Amino acid sequence: MPQPPFQAQAAPAAAPEAPDETLQLIAPDGTVTRPDRLPDPETRVRLYRHMRRVRHFDERAWVLYRTGRMGVFPPYGGMEASQVGTAAALTPDDWLFPTYRDTGAALTYGLPLEQTIAYWRTSPHGWAMPQNLKILPFYIPIATQYPQAVGAALAERRLGTRNVAMAYIGDGGSSEGDFHEALNFAGALNAPCVFILQNNGWAISVPTHTQTRARNLARRADGYGLPGVRVDGNDVLATYQVTREAVTRARNGEGPTLIETVTYRVKPHTVADDPSRYRSEADTAGWDAKDPLTRLRTHLLQEGLLTEEEDHAFAREIEAEFEAALRVADSFPEPTPAEIVDHVFAEPTPQLVRQRAQLLAEEQA
Amino acid sequence: MTATASQSTKTMTMVAAINDALALALARDPAVHIFGEDVGVMGGVFRATDGLQARFGVERVFDTPLAEAGIVGMGIGMGLAGLKPVAEIQFAGFLYPALDQILSHLGRYRHRTRSRYHLPMVVRAPYGGGVHTPEQHADSPEAILAHTPGVKVVIPATPHDAKGLLLAAIEDPDPVFFLEAIKLYRSVKEEVPETYYTTPLGKARVVTGGDDVTVIAYGGMVEVAQKAAEAARSHGIGVEVIDLRTLVPLDTETILSSVVKTGRVVVVTEAPRTGGFHSEIAATIAEEAIEHLQAPIVRVTGFDAPYPPFTSIEDVYRPNPVRVAKAIRQVLSY
Ligand SMILES: Cc1ncc(C[n+]2csc(CCOP(=O)(O)OP(=O)(O)O)c2C)c(N)n1
Chain F
1 MPQPPFQAQA
11 APAAAPEAPD
21 ETLQLIAPDG
31 TVTRPDRLPD
41 PETRVRLYRH
51 MRRVRHFDER
61 AWVLYRTGRM
71 GVFPPYGGME
81 ASQVGTAAAL
91 TPDDWLFPTY
101 RDTGAALTYG
111 LPLEQTIAYW
121 RTSPHGWAMP
131 QNLKILPFYI
141 PIATQYPQAV
151 GAALAERRLG
161 TRNVAMAYIG
171 DGGSSEGDFH
181 EALNFAGALN
191 APCVFILQNN
201 GWAISVPTHT
211 QTRARNLARR
221 ADGYGLPGVR
231 VDGNDVLATY
241 QVTREAVTRA
251 RNGEGPTLIE
261 TVTYRVKPHT
271 VADDPSRYRS
281 EADTAGWDAK
291 DPLTRLRTHL
301 LQEGLLTEEE
311 DHAFAREIEA
321 EFEAALRVAD
331 SFPEPTPAEI
341 VDHVFAEPTP
351 QLVRQRAQLL
361 AEEQA
Chain U
366 MTATASQSTK
376 TMTMVAAIND
386 ALALALARDP
396 AVHIFGEDVG
406 VMGGVFRATD
416 GLQARFGVER
426 VFDTPLAEAG
436 IVGMGIGMGL
446 AGLKPVAEIQ
456 FAGFLYPALD
466 QILSHLGRYR
476 HRTRSRYHLP
486 MVVRAPYGGG
496 VHTPEQHADS
506 PEAILAHTPG
516 VKVVIPATPH
526 DAKGLLLAAI
536 EDPDPVFFLE
546 AIKLYRSVKE
556 EVPETYYTTP
566 LGKARVVTGG
576 DDVTVIAYGG
586 MVEVAQKAAE
596 AARSHGIGVE
606 VIDLRTLVPL
616 DTETILSSVV
626 KTGRVVVVTE
636 APRTGGFHSE
646 IAATIAEEAI
656 EHLQAPIVRV
666 TGFDAPYPPF
676 TSIEDVYRPN
686 PVRVAKAIRQ
696 VLSY
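If you're matching them up, the sequences are chains F and U in order.
Be aware that the first sequence starts at 1, since it is given in my numbering, and climbs by one per residue.
Be aware that the second sequence starts at 366, since it is given in my numbering, and climbs by one per residue.
By construction, these hints were calculated from the structure, which means they are not laboratory data.
As the structure is a prediction and not an experimental result, all values here were calculated from the model.
Below, a list of computed lysine to any residue pairs in the SDA-like style, where the Cα atoms sit at most 25 Å apart: (1) 267/F - 459/U; (2) 267/F - 406/U; (3) 691/U - 339/F; (4) 626/U - 686/U; (5) 267/F - 430/U; (6) 691/U - 338/F; (7) 134/F - 93/F; (8) 267/F - 411/U; (9) 691/U - 358/F; (10) 691/U - 357/F; (11) 592/U - 361/F; (12) 691/U - 362/F; (13) 134/F - 671/U; (14) 267/F - 501/U; (15) 267/F - 412/U; (16) 134/F - 500/U; (17) 134/F - 501/U; (18) 691/U - 364/F; (19) 691/U - 360/F; (20) 691/U - 336/F; (21) 267/F - 500/U.
Covered by chain F, according to a simulated footprint, are these stretches of chain U (three or more residues, beta-carbon under 8 Å): (22) 420 to 431; (23) 451 to 465; (24) 496 to 502; (25) 672 to 679.
The beta carbon of each residue, even a glycine, is placed where N, CA and C say it ideally should be.
Here chain F stands alone, though its shape is the one from the complex:
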């Protein structure tokens, strides 16, 4: 099996964008600002459908949480362009390393709805990742997924594939040592990795300017010799284009890219968080006008790529799909106590065997 070179043979390609530019293809009012870089019409409609679908999940998750039918959920509403545009650039042969915030990316990549619902219900049925996808459960500890993605990317090269690994992180997460080690490793070892850094303005209560003195997180790539790209994170066409280019470079053996999607967390940190403790409504107000879904919808309607009727029909389809998945998720049985000690080792230790017996005995008592 021919193997691409493990180490970079030549200097990596230059950054495809000027480092301080924030690439945008359509403006918040839907007008096209960069016609030269627009994806084809079918792709634009496909991205819109993904965004609408993941928006619906986010909205339903809130309602389900309030009625006790969902666990603590970190919302991503308002960040759909950042998640959908990036994840849509992958195939299921590529790896996805999502954080807790990235349900939208996971759904776009192909994680089944009923399983995603089950995951956020803390049901074991949500945890066994599908055999046909290369996705890991949402990462809760911050930044640990970044070096792991580098490893998966390198493994794909060793195995002679052209598959890539994509990992997500937040602006806060990019302060962790693991983030920096991963970027350095990926560059030094020419790993086919795409690093998505979603700068949504906040790490719980800490704004980006308290988090770091850096004003442009994409520029961090410079220090590790990688291309760094900054993109309007509320413009799905822009996030899609730059990610597709980064994926292509990685597939072609040209190494990793860091993409900063500049967006905003309009929702609280989790459904249980009270953002009024650390930010004013004025802070968020401007971002509603930049809503990624409205932006693309306006564009598609203007271009005649979508009609109001089609949009309504699509909304009904999404709703039906979600409700059907919810019924499936509702039918998953509750875990039994013995499941606590399952899946620790391939072969349970004598201690685990004893502990399982104890759990079963208690269950029967």
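Could you slot chain U with the ligand onto chain F? The hints should help.
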């Protein structure tokens, strides 16, 4: 030191008592600095540092970037240079990125400089389960810390102790981990003196006296042990519940004098079973008082599996009064 009639007291939850201790420490000693993720503007995810930045300024109480190795490592430097760092790690399960700083440095400075340098640092971290937190938010990593030479480990079980022990930890010249059971933050209230007082490290508390069985617990497991003891008492069994308060230093004297009296021991923890601090307690008793034992020591623990992220069964993982009561019966029926 306990509250006397002349002292003014206030009903406090554990988190309020911790907040009160931090405020008193900041007011008393200008070297005290508090920092961590979300501790400033927001006052911490559990509000333990609520209002402190507004009162003492952003130089003394500040938000750090999101990096635990950075938080502990920076604290080490601050402590070496003469400040009193009080760092918060948002959840004990997120201490792990800082383990290099903890294992390689925090506990070693005094030894490796023959006391030329020392680290008067406190690291606070919420730990443990029982409140349905997401994955990895319910870990009990006290054994890793207690196994690190040179660091002390304190785990209060009441608001009164939380305040006194935290002030003692801040006064202590050596590094102290201060683990706070999330379950107890708001579930228990008691009268706590409003004044400054310390509760000495290394002194266990006898929660209830009894002659038949000794139950040893700490942190979130003390109230579980107490409930089991009450149930046993209604059956005429005298259970002595000991709240260790600090794992390092360990008050072996209080443990052993109780064991000599009862001859039967149950140790309770919510940490995983194998290699935990509870085993250290059992081994110490076996070494020092085996001739007084009338039954094998029984451990009531979590399981050798990660703390389950499955809300509906997490209460099975975490020891409850029923499991402790069963262990009490077991040591009695030997
Ligand atoms: C190692 C670690 N430290 C702390 C936490 C607690 N925590 C959870 S989310 C969060 C903020 C993350 O902010 P950011 O990386 O910007 O991502 P966002 O939540 O904005 O998507 C913190 C501090 C954690 N999960 N893991």
